[in-house]
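Peer 1: Line by line, the protein sequences are chains A and B.
As numbered in the working numbering, residues 1 to 79 make up the first sequence, in order.
As numbered in the working numbering, residues 1 to 220 make up the second sequence, in order.
Hints in this document: simulated from the structure, not taken from any laboratory.
From the three backbone atoms N, C-alpha and C, an ideal C-beta is built for every residue, glycine too.
Wrong hints could be hidden among the right ones.
Example chain A residues on the side facing chain B (calculated, C-beta under 7 Å, incomplete) [stated by the list, open to error]:
{"no.": "1", "residue": "Val16"}
{"no.": "2", "residue": "Ala20"}
{"no.": "3", "residue": "Asn68"}
{"no.": "4", "residue": "Val70"}
Looking from chain A toward chain B, a few residues come up when the C-beta cut is under 10 Å (computed) [to be verified]:
{"no.": "5", "residue": "Ala17"}
{"no.": "6", "residue": "Lys19"}
{"no.": "7", "residue": "Ala67"}
Below, simulated BS3-like cross-link-like pairs (lysine-lysine); rule was C-alpha separation at most 30 Å, straight line [unchecked claim]:
{"no.": "8", "chain 1": "B", "residue 1": "Lys2", "chain 2": "B", "residue 2": "Lys119"}
{"no.": "9", "chain 1": "B", "residue 1": "Lys119", "chain 2": "B", "residue 2": "Lys74"}
{"no.": "10", "chain 1": "B", "residue 1": "Lys110", "chain 2": "B", "residue 2": "Lys2"}
{"no.": "11", "chain 1": "B", "residue 1": "Lys110", "chain 2": "A", "residue 2": "Lys19"}
{"no.": "12", "chain 1": "B", "residue 1": "Lys119", "chain 2": "B", "residue 2": "Lys186"}
{"no.": "13", "chain 1": "A", "residue 1": "Lys64", "chain 2": "A", "residue 2": "Lys10"}
{"no.": "14", "chain 1": "A", "residue 1": "Lys64", "chain 2": "B", "residue 2": "Lys186"}
{"no.": "15", "chain 1": "B", "residue 1": "Lys186", "chain 2": "B", "residue 2": "Lys74"}
{"no.": "16", "chain 1": "A", "residue 1": "Lys4", "chain 2": "A", "residue 2": "Lys19"}
{"no.": "17", "chain 1": "A", "residue 1": "Lys19", "chain 2": "B", "residue 2": "Lys114"}
{"no.": "18", "chain 1": "A", "residue 1": "Lys64", "chain 2": "A", "residue 2": "Lys4"}
{"no.": "19", "chain 1": "B", "residue 1": "Lys186", "chain 2": "B", "residue 2": "Lys2"}
{"no.": "20", "chain 1": "A", "residue 1": "Lys10", "chain 2": "B", "residue 2": "Lys2"}
{"no.": "21", "chain 1": "A", "residue 1": "Lys19", "chain 2": "A", "residue 2": "Lys64"}
{"no.": "22", "chain 1": "B", "residue 1": "Lys74", "chain 2": "A", "residue 2": "Lys10"}
{"no.": "23", "chain 1": "B", "residue 1": "Lys74", "chain 2": "A", "residue 2": "Lys64"}
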Amino acid sequence: MHAKVHVFLKPGVLDVAGKAVENALHGLGWPDVVGVRVGRTIEFDVAQDDPAAAEAEVRMMCEKLLANTVIESYQVEVS
Amino acid sequence: MKAAVIVFPGSNCDRDCKVAIERSTGASVDMVWHGETTLPSGLDLIVLPGGFSYGDYLRCGAMAALSPVMTDVKAAAARGVAVVGICNGFQILCEAGLLPGALLRNEHLKYVCKPVDLKVVNSQNRFTSGYGTRREVTMTVGNGEGNFFADAETLARLEGEGQVVFRYLDNPNGSTADIAGLINAKGNILGLMPHPDRAFEAELGSTDGAILFQSALASA
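Take these sequences, add in the hints, and give me the full structure.
Peer 2: Shown next, in the form of C-alpha cells:
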C-alpha cells in the first residue's frame with residue numbers, strides 16, 4: 001500500500017515559518033489570508049495489503065521517527 | 001579522567017569539544033564515530049557536540065538520535081555517567097528522549113550567533129557546582145533552532161524539580177521561560193544551547209565553559 005504522512009506543528013506551538021509565509025502572502029496582495037501552517041509530507045510504500053494493518057504500522061513509524069509528538073501532530077493516509 | 005566526544009556526520013564542534021575538554025581538564029578525550037556500537041570503557045563524561053548532524057534532515061537531531069552509538073550512550077546514561085549535549089547535541093538528547101521538551105525554530109527566524117549572558121539557576125548539580133556562588137556566566141550561542149519548548153505540565157515539573165540550570169538574561173531565540181539549559185531528573189544529563197566549548201580560554205572572551213567541563217569531571 002502507499003502511505004502519505006502529513007506532519008504539522010501542534011496548534012498551540014508557534015509556527016514561525018507559517019507566520020513568515022503568511023506575511024509574504026499579505027505582501028503579495030492577499031491580505032485576508034490567515035492561519036498559515038507549514039508542514040511536511042512524507043510518502044512511501046509499505047509491504048502490506050491490508051489498509052488497517054498498513055495504517056497501524058505507519059502510525060508506529062510516526063511515533064518513533066516521522067513526527068516528534070512533543071511538538072508535532074500527524075495524519076496518515078493509506079491507499 | 002576519560003571523556004568521549006561522539007562524532008555524527010555533520011557534527012562541526014566535535015574538535016572544539018575535544019580541545020576544550022583537554023585544555024580545561026587535562027582529561028584524555030576519545031572521538032567516537034556514531035556508527036560504533038560500543039563506547040570505550042571507563043568513561044566519566046560523554047559529550048554530544050554541536051553541528052548539523054545528518055544535515056538536520058527531518059528534524060534537528062532526529063536521525064542522530066537513532067545512530068547505533070546512541071544505544072550505548074543511553075546505557076551509560078542509565079548507569080549514571082555524565083552526558084552533556086551542546087546545541088545540536090541538546091537537540092539530539094531531546095529527540096532521543098533523554099531530556100524532555102524539544103527545540104523549535106527561533107522565534108524571529110534568525111540564526112543567532114553571539115555571546116550571551118546566562119543566569120545560573122541551579123548550581124547544586126554536577127555540571128555547575130564549580131561556579132560556586134556566581135550567578136552569572138557568559139558563553140556563546142550559535143543556533144537557528146534553539147527555541148526550547150515544553151508543554152505546561154512538563155515545564156511545571158522542570159521548574160519544580162530544579163531541572164532548569166541556565167536561563168538567558170536576554171532571550172535570543174524565544175525559548176520558553178528563557179530556558180538555555182536543563183538537566184534530567186537524575187541530574188547526570190545536561191543539555192544546553194550555549195557553547196561551553198567556545199568559552200574555555202580568555203582569548204575566546206570567556207572561560208566559563210571550562211568551569212562546566214571541570215565540574216562535570218570533578219564529580220565523576
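Peer 1: Tell me the numbers of any earlier hints that the structure contravenes, in ascending order.
Peer 2: 10, 20
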